[in-house]
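Model the placement of chains B and C on the given structure of chain A, informed by the hints.
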Amino acid sequence: MATPDAHVKPPGLAHARRTLHPAAWWAWAAGLAAAAIETTNPVLLLLIAAVVVYVVATRRSTAPWSRSLVVFMRLGLVVIVIRVVVQVLFGYRLAGHVLFALPQVSLPSWAAGVSIGGPITAESLLQAGCEGLRLAVVLLAFGAANSLASPYRLLRCLPAVLYEAGVAVTVALTYAPELVTTIGQVRAARRLRGRPTRGLAGLRGMAVPVLEGALDRSLELASSMDSRGYGRRSSETTTRRWATLATGVGAVLVLVGVYDVLSASAPWWVGIAALVAGVGSLACGVTLSGRRTTRTRYRPDRWQGAEWLVVVSGAAVVTAFSIAGALGIDGLQVSFYPLGLPPVPYLPCLGILLALAPSLVSPTGMSRRGDPAVPATRRRDVATSVESR
Amino acid sequence: MIRFDGVSFTYTGAEMPTLRDVDLEIPEGELCVVVGTTGSGKSTLLRAMNGLVPHATGGRLAGDVRVAGRSTRAHPPRDLADLIGLVGQDPSASFVTDAVEDELVYTMENLGVAPAAMRRRVEDTLDLLGLHELRGRSLRSLSGGQQQRVAIGAVLTAAPRALVLDEPTSALDPAAAEEVLASLSRLVHDVGLTVVIAEHRLERVLPFADRVLLVPGDGAHLRVGSPEEVMVDSPVAPPLVELARVAGWHPMPLSVRDARRVAVPLRVRLSSATHDAHGPPSSATRSTVASLSRVSFAYDEVLALRDVDLSFLAGEIVALMGRNGSGKSTLLELLAGARRPSGGSVQVRGEEPATLSSKRLVKSVGLVPQDPQLLLYGETVADECATSDRESGLAAGTTRGVLDELMAGMPADRHPRDLSEGQRLALALSVVLAHDPPLLLLDEPTRGFDYPSKARLEGILAGLAARGTSVVVATHDVELVARVAHRAVLLADGDVVGDGAARDVICHSPVFAPQVAKVLAPDPWLTVDEVRRALTRTDDLVGRS
Amino acid sequence: MRAASRRVAVRLTMRASVLLGAASIVGLAAFGWPLLIHARAGANVAHAADAPWIFVALIPLLLAIVLGEIAEGSLDAKAVALLGILAACCAALRVPSPGVAGLEPMFFLLICSGRVLGRGFGFVLGATALFASSLITGGVGPWLPFQMLGAAWLGFGAGCLPRAIGRREIAILAAYAVVASLLYGALLNLWFWPFGAGTTTSFSYLPGGGLLENLHRFVFFDLTTSLGFDIPRAVTNAVLIVALGRPVLGALRRASRRAVFDPVVAFDDAAPTSSADL
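Those protein sequence lines, which keep their order, are chains A, B and C. Just add 53 to the spot in the first sequence (first one is 1) and you have our numbering. Just add 918 to the spot in the second sequence (first one is 1) and you have our numbering. Just add 102 to the spot in the third sequence (first one is 1) and you have our numbering.
Looking at chain A on its own, in the form it has when it is part of the complex:
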């Protein structure tokens, strides 16, 4: 399949290779995560994990955030281990194939209902392992989104109403690496002055100059932002009035909805309806408030055919799972009582395989801009910056 953007290349764009819109990756990953939540079938879960890992392996860049998947994978393993250990120590004791037995401890009366130890069955371990696996796969899907979507570009997709907060986060992302350099400089300077760099005294001596430098920096930055037009807004009041209205109505509806859902004082659909209407109203408020800004975007990330395909492939997985659930197809939720191999439902499997589509349709390519940190050159940068000082 040809990359769809090949023929809509705008004139003058020298670097035609582009990467997928970060929001598309997030939508795709959310689809997979939502599907994983629906099932405890280890076959389906492992299949989802395999698809996620494969797509990340074929599509990730060399940027530092592309290593997120590994971190999330480790986190997922920890979650599985914790879940199994908790089951071993505190699990319900149901009948089954006993693997081994721990001495049972009876807790005092205030801890009634909690028992520690006892016979451990294969069924309970498998069940706990699958529940842990489900959580780990959900984590893995988010890890994939973190690996594939550039945080810098994600930041550029924030709604206009969050512009100010977005600028603050941009500043934070810009300054954080510099902060690391400053800490190194302060440490070196302290050593030269014969001062400790460890312990509480060292910490104090390091923290203060670093913080003072950072704070001074913020003042200079503020005057630069001020003189560069930060904070210009149109003074249009009609939109603002509508935005206030939508936000207010939305907030009230959400409060009512939350109360209804939690208290069960009305039929269940009333609460849900209020929530949905409230969310819609709030979203209107966000959009309308954002419309008051006069800002424009330079070369915004475009949403094209590939993005749609990736989103659809993610949505296909959830849809397949929902249909399977609605049809009552066996195998989404597995029980190990009695012990046995889990069934393999074909429809969800097919859906999961559709999520492989991004590895075919998404454009590969170096990011053009907004992804400044490239690890390969970083060491060199540091070396030269040290040298130029």
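These aren't lab readings, by the way, just hints derived from the structure by calculation. Mixed in with the good hints there might be a few duds.
Distance windows between CB atoms, simulated [as the list claims (entries may be wrong)]:
{"#": "1", "chain 1": "C", "residue 1": "Leu263", "chain 2": "B", "residue 2": "His1139", "range": "49 to 55 angstroms"}
{"#": "2", "chain 1": "A", "residue 1": "Ile382", "chain 2": "B", "residue 2": "Glu1051", "range": "34 to 40 angstroms"}
{"#": "3", "chain 1": "B", "residue 1": "Ala1035", "chain 2": "C", "residue 2": "Gly352", "range": "45 to 51 angstroms"}
{"#": "4", "chain 1": "C", "residue 1": "Arg270", "chain 2": "B", "residue 2": "Asp1042", "range": "58 to 64 angstroms"}
{"#": "5", "chain 1": "B", "residue 1": "Glu1041", "chain 2": "C", "residue 2": "Gly352", "range": "44 to 50 angstroms"}
{"#": "6", "chain 1": "A", "residue 1": "Thr292", "chain 2": "B", "residue 2": "Glu1051", "range": "42 to 48 angstroms"}
{"#": "7", "chain 1": "B", "residue 1": "Ala1035", "chain 2": "C", "residue 2": "Arg270", "range": "54 to 60 angstroms"}
{"#": "8", "chain 1": "C", "residue 1": "Gly352", "chain 2": "A", "residue 2": "Gly237", "range": "22 to 28 angstroms"}
{"#": "9", "chain 1": "B", "residue 1": "Pro1125", "chain 2": "A", "residue 2": "Leu253", "range": "54 to 60 angstroms"}
{"#": "10", "chain 1": "B", "residue 1": "Asp1225", "chain 2": "A", "residue 2": "Arg285", "range": "57 to 63 angstroms"}
{"#": "11", "chain 1": "A", "residue 1": "Arg285", "chain 2": "B", "residue 2": "Arg1185", "range": "43 to 49 angstroms"}
{"#": "12", "chain 1": "A", "residue 1": "Gly237", "chain 2": "B", "residue 2": "Ala1330", "range": "27 to 33 angstroms"}
{"#": "13", "chain 1": "A", "residue 1": "Glu273", "chain 2": "B", "residue 2": "Arg1178", "range": "37 to 43 angstroms"}
These figures come from a predicted structure and were not determined experimentally. Note that beta-carbon positions come from the ideal geometry of N, C-alpha and C, so glycine has one too.
Showing chains B and C alone in chain A's frame:
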């Protein structure tokens, strides 16, 4: 273009107005240089032009500032961003984003420029400032000069009609400063932008200034005039102007080229004069404090120093010169024991500094880094001195004593960050010198200094050398070298390519020669003072004979 | 200039306060739904399973509304710059302890900043700092909105502490650090509990179990799984406040004084000549 009508400004809580009764008109397309010492109110004046004063700082403004007819009373800085751009000292502190192209468009996005126009302006700006090869780079990976050019580009993309620069080169080394000033002169000459610039390196900007604005400080009235007029008795003047005053040239030459044309009689008068004896007493009487023998150093695979042999004598001031990346800082770090050589040996007082414990190290070497603030973390000057004594186990009052010797009358209750550059360096120096190390290393100490602060530092260094301290200064500042260094060591690409008396090493180099030497070449004169003394001597001779 | 130093960096307007209140109520429900949900509704398993996901969608939206509203009125360039730089510092403090749990010494700086710069600033800083550090460490997930809300509350609370100076101030802040970090840990645990503890242990969430039963189970879950992280984190932050509180508060106060938030600007209309005579 920019008009001040009876402007006075007082900061909230201040007793005296910082600006008093300023009337000023800067016409379209002019380059106006603002001259004054640190703390004279230059920055306040510049910031009043785009409304940061008083909108961001607070305070009381009388009179009216107008930019292209728009008054700063009614318009905060953000509403003036399309008329006037402001560039500060430290480019990296002004960056909001971390990529070149994002930074260039930031102002335009705020102003709501149409996407197609943005695209065009970015390309224009990239070409105008020679940044097209850097467009995809991260800002952190750029050199200082490149960063400052991006900072200028970032305000230029808004297509302002005036550009205000507050000491745009004071945080840069000379090569980078040169690069930035060259870009600026291009903007003035080719684009016809109105530019107002405050700058310490007057020798660089005066040749193409249309007008000079002298801010005397202490609330005295501003003086405005052509560079030739104002420079006749400006308290702040480059060496060239001082030479012209000594020689009595009129009209005042502002470039080396103009000066050489009128300098022939002076050269003749000086041809019979003798140079000052410039250097420490002969090396035989002086002991070696530090030495490097066949020292090499490599970062990863990059060789920063190659087989360097050098020695530093007591009472000698040695200048380390060379372009960025030539190995100056590495050499200092090796001497200070912050790094171990990859080959060869470094000796300070017969010991390897890298092997010493930090307690012993501070007693044999003192290093003042480029940013002296890194050494300071007290809340007041007094606190800083007391902490220094306590942490280093010195008698109470030692550091303060050293400080008073270096610079008397430093306010004890001031926060170190609120000191001027010169005062801050003196404080950091006293913290280092409290241990009385025989070897003192300074890395680029005069960055951001005005002429009086430089003169004071020169006095301090000469005093230290007279007491027998061996002083090594890594610097780009040729005038500093010309005035205090006994010896100059020239590094290039990790090699020592020149080592000898400062006069011999720098005078005939087109890059490192000070202005006086350039004007009076081929005779190796270094400083205005030297010329003045020589002239007095010859005049005396003529008078006696 | 004592008056200037008492000005807050971010002023909360009436509208912003109301929205913040509403969002906080929903936020509490989002964290505490397993405990708050009525037994009848809770027992409807299919329905109860929807609750967490509704909140995952709802909280970011509400946070966006609140942050947008706060920003609209009073987030000027100085506040945003300070916010960004402090968020970077917080993130740097969080980096050595990545992942969902960890020591998170960032609370220490967050508390000091909220204390000095006011509760509005504390709220926004909590949210942006968490967001920025998640972007830096690549830890964006469904938990992020909840962490942001929790940290925002923590910063807000620090701005609400009673006036005090000297050692008393440090003591109050340190005590607050302990309480607030334990609460933060418990809240996030509460959010994670229905997913993390499965259904087959004696401290799993029991749909329809009622408040007391589930609270009992949750406390056990919290004690056994997370207090090992939460207590060291609380202690670390308190120790940092005791050790570094004074200079850090001093630095922040000095910065806020120099920034001149909400500056007093006066224009003299007097003729220029007369003003020169002053």
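Results for each hint:
1. The supplied range of 49 to 55 angstroms is met by leucine 263/C and histidine 1139/B, whose beta-carbon atoms lie about 51 angstroms from each other.
2. Checked against the hint of 34 to 40 angstroms, the pair isoleucine 382/A and glutamate 1051/B fails, with Cβ atoms roughly 59 angstroms apart.
3. A beta carbon spacing of about 47 angstroms between alanine 1035/B and glycine 352/C agrees with the range 45 to 51 angstroms that was offered as a hint.
4. Look at arginine 270/C against aspartate 1042/B: about 60 angstroms separates their beta carbons, and that is inside 58 to 64 angstroms.
5. Under the hint 44 to 50 angstroms, the C-beta atoms of glutamate 1041/B and glycine 352/C, about 48 angstroms apart, fit the expected range.
6. Between threonine 292/A and glutamate 1051/B the C-beta distance comes to about 43 angstroms, which sits within the given range of 42 to 48 angstroms.
7. At roughly 58 angstroms, the beta-carbon separation of alanine 1035/B and arginine 270/C lies within the given 54 to 60 angstroms, and the hint holds.
8. Taking 22 to 28 angstroms as the suggested C-beta distance range, the pair glycine 352/C and glycine 237/A conforms, at roughly 24 angstroms.
9. Checked against the hint of 54 to 60 angstroms, the pair proline 1125/B and leucine 253/A passes, with Cβ atoms roughly 56 angstroms apart.
10. Checked against the hint of 57 to 63 angstroms, the C-beta distance between aspartate 1225/B and arginine 285/A comes to roughly 59 angstroms, which is consistent with it.
11. For arginine 285/A and arginine 1185/B, the Cβ-Cβ distance of about 59 angstroms falls outside the hinted range of 43 to 49 angstroms, so the restraint is violated.
12. For glycine 237/A and alanine 1330/B, the Cβ-Cβ distance of about 31 angstroms falls inside the hinted range of 27 to 33 angstroms, so the restraint holds.
13. In this structure, glutamate 273/A and arginine 1178/B meet the distance hint of 37 to 43 angstroms, their C-beta atoms being roughly 41 angstroms apart.
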